[in-house]
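Between the sequences and the hints, there should be enough to build the whole structure, so can you do that?
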Amino acid sequence: MSEEGFWKENVPFIDYFKLRASVSQTGNDALLDADGNYDRSIQYLNTYGFGTDYLLGSTFNKTLKPTRTPNPNITWEVGTTYDLGFEFKFLQNRLSWESDLFYHKRTNMLISRNASLPQTSGITLPRENLGEMSNRGIESLVTWNDKAGKVQYDISANITYAKNRIDFWDETPNIPDYQRSTGKPVGTELFYVADGVFNTEEELKYPHWKNARLGDIKFVDINGDGEITADDRVRLSKVKEPTFVFGINLGARWNNFDLMALLQGATGGHTYIWRERAGEAGNFYKYTYDHRWTEENPMIEHPRTYNREDEYWASEGDRKNTYYLWNTDFIRLKNLEIGYTFNFPAVRSAGIQNLRVFANGTNLLTIDKVRVQDPEQNNTGRDYPQRRVVNFGASITF
Numbered sequence: 001m002s003e004e005g006f007w008k009e010n011v012p013f014i015d016y017f018k019l020r021a022s023v024s025q026t027g028n029d030a031l032l033d034a035d036g037n038y039d040r041s042i043q044y045l046n047t048y049g050f051g052t053d054y055l056l057g058s059t060f061n062k063t064l065k066p067t068r069t070p071n072p073n074i075t076w077e078v079g080t081t082y083d084l085g086f087e088f089k090f091l092q093n094r095l096s097w098e099s100d101l102f103y104h105k106r107t108n109m110l111i112s113r114n115a116s117l118p119q120t121s122g123i124t125l126p127r128e129n130l131g132e133m134s135n136r137g138i139e140s141l142v143t144w145n146d147k148a149g150k151v152q153y154d155i156s157a158n159i160t161y162a163k164n165r166i167d168f169w170d171e172t173p174n175i176p177d178y179q180r181s182t183g184k185p186v187g188t189e190l191f192y193v194a195d196g197v198f199n200t201e202e203e204l205k206y207p208h209w210k211n212a213r214l215g216d217i218k219f220v221d222i223n224g225d226g227e228i229t230a231d232d233r234v235r236l237s238k239v240k241e242p243t244f245v246f247g248i249n250l251g252a253r254w255n256n257f258d259l260m261a262l263l264q265g266a267t268g269g270h271t272y273i274w275r276e277r278a279g280e281a282g283n284f285y286k287y288t289y290d291h292r293w294t295e296e297n298p299m300i301e302h303p304r305t306y307n308r309e310d311e312y313w314a315s316e317g318d319r320k321n322t323y324y325l326w327n328t329d330f331i332r333l334k335n336l337e338i339g340y341t342f343n344f345p346a347v348r349s350a351g352i353q354n355l356r357v358f359a360n361g362t363n364l365l366t367i368d369k370v371r372v373q374d375p376e377q378n379n380t381g382r383d384y385p386q387r388r389v390v391n392f393g394a395s396i397t398f
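When we follow this note's numbering, the leftmost residue of the sequence shown carries the number 1, and every step to the right adds one.
Once the Cα atoms are required to be at most 20 Å apart in a straight line, the calculated PhoX-like pairs of lysine-lysine come out as:
| # | residue 1 | residue 2 |
| --- | --- | --- |
| 1 | Lys-184 | Lys-240 |
| 2 | Lys-89 | Lys-18 |
| 3 | Lys-240 | Lys-369 |
| 4 | Lys-184 | Lys-320 |
| 5 | Lys-286 | Lys-369 |
| 6 | Lys-147 | Lys-89 |
| 7 | Lys-320 | Lys-210 |
| 8 | Lys-334 | Lys-369 |
| 9 | Lys-163 | Lys-105 |
| 10 | Lys-320 | Lys-240 |
| 11 | Lys-163 | Lys-184 |
| 12 | Lys-240 | Lys-163 |
| 13 | Lys-184 | Lys-105 |
Here are the in silico distance ranges between beta carbons for each label pair:
| # | residue 1 | residue 2 | range |
| --- | --- | --- | --- |
| 14 | Ile-367 | Ala-115 | 38 to 48 Å |
| 15 | Asn-129 | Pro-173 | 14 to 24 Å |
| 16 | Gln-152 | Val-234 | 51 to 61 Å |
| 17 | Tyr-289 | Glu-171 | 36 to 46 Å |
Honestly, the hints are just simulated from the structure, not real lab data.
We treat Cβ as the ideally placed atom computed from N, Cα and C, and that holds for glycine.
Right under this line is the structure:
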């Protein structure tokens, strides 16, 4: 638009402006089933497999047999994407801003009915084109280039906000609103809500599972029926994927010095970290051990230690609860490099066209709320975290 005559005459202080919009629609049939296989989910295709059940003489022979009867009543799921964006530059192209709003709607997703037929019927229902979900967000990039005296510098910042939600999947009826997944992000789970620890004998009168002791995690009786049951679990909109992802690039040059830095971070993500029962090597993290409840230090948020198989609340399996749900917000100094270029006659007389020395580092500093592992590490805690690396070097051109 900035190339149009009316723009140049009326908005001369904006050097460049572009407005864009797009709509696209695609189909998808490469869908994973519960076993992680692609082909089984393509139900409209007939498939064949080999068998060894044909006896000819004294030898079993391979035969070709159908493995699935196709369902002609289903089709691909459909994804429709809407995008609206703009770009502009002003202040003699020193400041630029680029942004996109997007909305992605998926329909005809293959799922089985839940509300239409009770599970007590004992019937395994086929998948149908019923599911709907949406994803919406914004991406922005702002860049500033300028010079202050002898210092040439540039700063750019990018941020992405994205959030998805389940719009429809024929959810089972007659469940409490606080346990429903419709309207929440994909991948949400049910959690018992932790409310500190039992500090006094009086607090032990609050509803709990059997064998609870002082220093154990206390859980909220959500429905107020006087006991802790599966009906007290709450579906939280806290998933692994962050809501915001951002980065900041910094660059500067002064005389023969140069500087480059990259900051990155994310907010809105959560991970479930419970390592006490992990295989045969599970144990307490040092942080939770150092900050554990004791009779000498009762007013603390972390529970007492216990034999790794004897958590009172996990006696009947993995009862996921919010105590082990960590907020993975972080900001990290991902990269930093400082360099100096020698540009003296003595260097050139030695046959060297360019000589630059530098020091750089990766993952030098991380600020986060996860006290027991790296915020970007998976929730098993058994993988190596991101390494901190420091380098010193020289670049020589002859």
